[in-house]
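**Student:** Based on these hints, arrange chain A on the given structure of chain X.
Sequence lines, in order, name chains X and A. Per this note's numbering, residue 1 is the first one in the first sequence, and the count goes up by one each step. Per this note's numbering, residue 1 is the first one in the second sequence, and the count goes up by one each step.
Just so you know, these hints were derived from the structure itself, not from any lab. Incorrect hints may appear among the rest.
[Stated by the list, open to error] Lysine-lysine pairs mimicking DSSO-like chemistry, simulated, CA-CA at most 27 Å apart: (1) X/LYS303 with A/LYS45; (2) A/LYS9 with X/LYS161; (3) X/LYS24 with A/LYS82; (4) A/LYS130 with X/LYS161; (5) X/LYS139 with A/LYS100; (6) X/LYS161 with A/LYS86; (7) X/LYS363 with X/LYS173; (8) A/LYS9 with X/LYS24; (9) X/LYS139 with A/LYS2; (10) A/LYS82 with X/LYS139; (11) X/LYS139 with A/LYS24; (12) X/LYS139 with A/LYS9; (13) A/LYS2 with X/LYS184; (14) X/LYS231 with A/LYS2; (15) A/LYS145 with X/LYS139; (16) A/LYS147 with X/LYS139; (17) A/LYS130 with X/LYS160.
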Amino acid sequence: MGRRVAIVGVGMTKFVRRAQETGKELAYYAAKEALDYCGMKLSQIDAVVIGSAPDTFDGVHMKGEYLSDGAGGFNKPTLRCYVGGGTGVFAVICGWYHVASGLIDSCLVVCEEKMSSYQPHPQGAFLTIFDHTTERPLKPNLLWIFALEMNRYMTTYGIKKEEIALVAVKNKKNALDHPAAQLKEEITVQDVLNSPVLAYPVQRLDVSPVSDGACAIVMVNEYLARRWTNKPVWVEGVGWSLDTAYWTNRDLCYPRYVEEAARMAYKMAGVTNPRYDIHIAEPYDPFDYKELHHLEGLMLCGKGEAPQLTVDGVTQRDGDLPVCPSGGLLGVGNPIAAAGLMKVIELFLQLRGEAGKRQVARKVRRGVAQAWGDLMQVGAVTVLGI
Amino acid sequence: MKFLGTGLKDEEIKERKVCLAYWKADAKYAWDCGIAIGKYLAGLKEGKILGVKCEKCGRIMVPPRIFCEECFRTIDSWVELKDTGKVNTFSLCYITWDMKFLKEPQIPAVIEIDGASPGHGIMHLLGEVKPEEVKVGMKVKAVWKKKEEREGAITDILYFKPI
Numbered sequence: 001m002g003r004r005v006a007i008v009g010v011g012m013t014k015f016v017r018r019a020q021e022t023g024k025e026l027a028y029y030a031a032k033e034a035l036d037y038c039g040m041k042l043s044q045i046d047a048v049v050i051g052s053a054p055d056t057f058d059g060v061h062m063k064g065e066y067l068s069d070g071a072g073g074f075n076k077p078t079l080r081c082y083v084g085g086g087t088g089v090f091a092v093i094c095g096w097y098h099v100a101s102g103l104i105d106s107c108l109v110v111c112e113e114k115m116s117s118y119q120p121h122p123q124g125a126f127l128t129i130f131d132h133t134t135e136r137p138l139k140p141n142l143l144w145i146f147a148l149e150m151n152r153y154m155t156t157y158g159i160k161k162e163e164i165a166l167v168a169v170k171n172k173k174n175a176l177d178h179p180a181a182q183l184k185e186e187i188t189v190q191d192v193l194n195s196p197v198l199a200y201p202v203q204r205l206d207v208s209p210v211s212d213g214a215c216a217i218v219m220v221n222e223y224l225a226r227r228w229t230n231k232p233v234w235v236e237g238v239g240w241s242l243d244t245a246y247w248t249n250r251d252l253c254y255p256r257y258v259e260e261a262a263r264m265a266y267k268m269a270g271v272t273n274p275r276y277d278i279h280i281a282e283p284y285d286p287f288d289y290k291e292l293h294h295l296e297g298l299m300l301c302g303k304g305e306a307p308q309l310t311v312d313g314v315t316q317r318d319g320d321l322p323v324c325p326s327g328g329l330l331g332v333g334n335p336i337a338a339a340g341l342m343k344v345i346e347l348f349l350q351l352r353g354e355a356g357k358r359q360v361a362r363k364v365r366r367g368v369a370q371a372w373g374d375l376m377q378v379g380a381v382t383v384l385g386i
Numbered sequence: 001m002k003f004l005g006t007g008l009k010d011e012e013i014k015e016r017k018v019c020l021a022y023w024k025a026d027a028k029y030a031w032d033c034g035i036a037i038g039k040y041l042a043g044l045k046e047g048k049i050l051g052v053k054c055e056k057c058g059r060i061m062v063p064p065r066i067f068c069e070e071c072f073r074t075i076d077s078w079v080e081l082k083d084t085g086k087v088n089t090f091s092l093c094y095i096t097w098d099m100k101f102l103k104e105p106q107i108p109a110v111i112e113i114d115g116a117s118p119g120h121g122i123m124h125l126l127g128e129v130k131p132e133e134v135k136v137g138m139k140v141k142a143v144w145k146k147k148e149e150r151e152g153a154i155t156d157i158l159y160f161k162p163i
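Pulled out of the complex, with its shape left as it was, chain X reads as follows (with noise of 0.2 Å):
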């Protein structure tokens, strides 16, 4: 299977909705500060994995060749990965086979995102995701294809918008504890439900904010990991899958991408009990609904079975299975690529026990990140441990 990878260094920015620096700039901040994590120099990395989504958000075409002198990445062996929301985890995958072949002794994978130059609201250049000829003609709006999911998922479990609501409830209050997050705060569910209809079932506090940020990771071979750090935290498992773009023909109350891929990185991983062997997760919430979704498809629970382990109070930081002690997407921020890799920096930090306010109660040694995209078709899935 390869030679052992393992994560040494992270760094991140604050995510903003607006941010004054470039994307060079955002890069820069969260590279620089992974290789001081580990207290390392760039003349000691050997490539560099860079990932964000549409180009078109910052109106740069090449987008991985534009940041790869704040990432680090020129002169080097350098790849730009994009599978849209699904990067910021895809890149930790990329940044393992390059490890894990044994062609590359360590690799900084940075990925970023600056989607307020897109105006006047990024979602312009998202309704490209929706076919030119059939679809885009209705005149779409992204929330469609989120809206059309959640009531699919609702509607097919038999699942109360109260129950959904206190996802968002959990992730904007674990975020409170997360430094660099956008949208910290305490509501109620009964402000889910009295926030303004987007598009019913999806209401405002229901969605994640549009962010600018960045983050950045070193991974090493195992012996390197020895030499850099007392507390290696190794990618245990990578998977990853993607589904047909015809969506009008799938089933979108569950996502099978999710766990075709989580089977691949649980199969790695050794891990055969889900349920029991992931201490800690951290799925993709761009929504809040997706939080639940995404649990099923890691297969965490049983097909519509998440909305209950919110109510019981399992997801909780104090919880038997955190999920998102970060805050999430709903809490710290989503600048898409980015967003995928702070959740995997939240594990990092948490099987180190360097989380801080966020950390969970329980012990942990196994935790699952996962990030998702395009038209709801991209699972990628990586568990770590230590």
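**Tutor:** Okay, now just chain A, sitting in the frame of chain X:
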């Protein structure tokens, strides 16, 4: 960790308190519709919803394609479907893409088309229905543009209405 980064406020941007550079893309696209969708659109112009069939897995697919992505083989035949179906899921959308609010919602839905394989649908709009009356599973029928106004586009179907 220092969590660097300088957030800007909306006023700072509106009042030009920070330097900004503007550029407006002047780009137009003229997409070819392709073999399968081209024929589908020609069918819509005639008031027909067309699908395709793969004899290996038996799926009747809509929107049509020239290949079965499950079997990875060329499709075998075209099938005329009905212009009725049922609502698989829907939304009531009160905002536009640039976040302005609408008084009356748009009602997008995934409509499973009768004659196609189960779960095979298209996204379109619902009309002639009160928002509170829309339900998953509701049976609907296409409302077509007048024949002389049809142009071979998805909008040749104005919307689907309950039956």
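**Student:** Against each hint, give a clear statement of whether it holds in the structure.
**Tutor:** Evaluation of the provided hints:
1. X/LYS303 with A/LYS45: violated, 42 Å
2. A/LYS9 with X/LYS161: Since the Cα atoms of A/LYS9 and X/LYS161 sit roughly 33 Å apart, the hinted pair is violated (cutoff 27 Å).
3. X/LYS24 with A/LYS82: violated, 53 Å
4. A/LYS130 with X/LYS161: holds, 21 Å
5. X/LYS139 with A/LYS100: This hinted pair holds, its Cα atoms lying about 14 Å apart.
6. X/LYS161 with A/LYS86: The hint holds at about 24 Å.
7. X/LYS363 with X/LYS173: holds, 21 Å
8. A/LYS9 with X/LYS24: With a Cα-Cα distance of about 21 Å, the restraint between A/LYS9 and X/LYS24 holds, given a limit of 27 Å.
9. X/LYS139 with A/LYS2: Given pair X/LYS139, A/LYS2 is violated - Cα atoms ~43 Å apart, limit 27 Å.
10. A/LYS82 with X/LYS139: Holds, at about 25 Å.
11. X/LYS139 with A/LYS24: OK: X/LYS139 and A/LYS24 at ~21 Å, within 27 Å.
12. X/LYS139 with A/LYS9: violated, 30 Å
13. A/LYS2 with X/LYS184: Within the cut-off at roughly 18 Å; holds.
14. X/LYS231 with A/LYS2: It holds: about 21 Å lies between the C-alpha atoms, which stays within 27 Å.
15. A/LYS145 with X/LYS139: holds, 17 Å
16. A/LYS147 with X/LYS139: Roughly 22 Å separates the two Cα atoms, so the pair holds.
17. A/LYS130 with X/LYS160: holds, 22 Å
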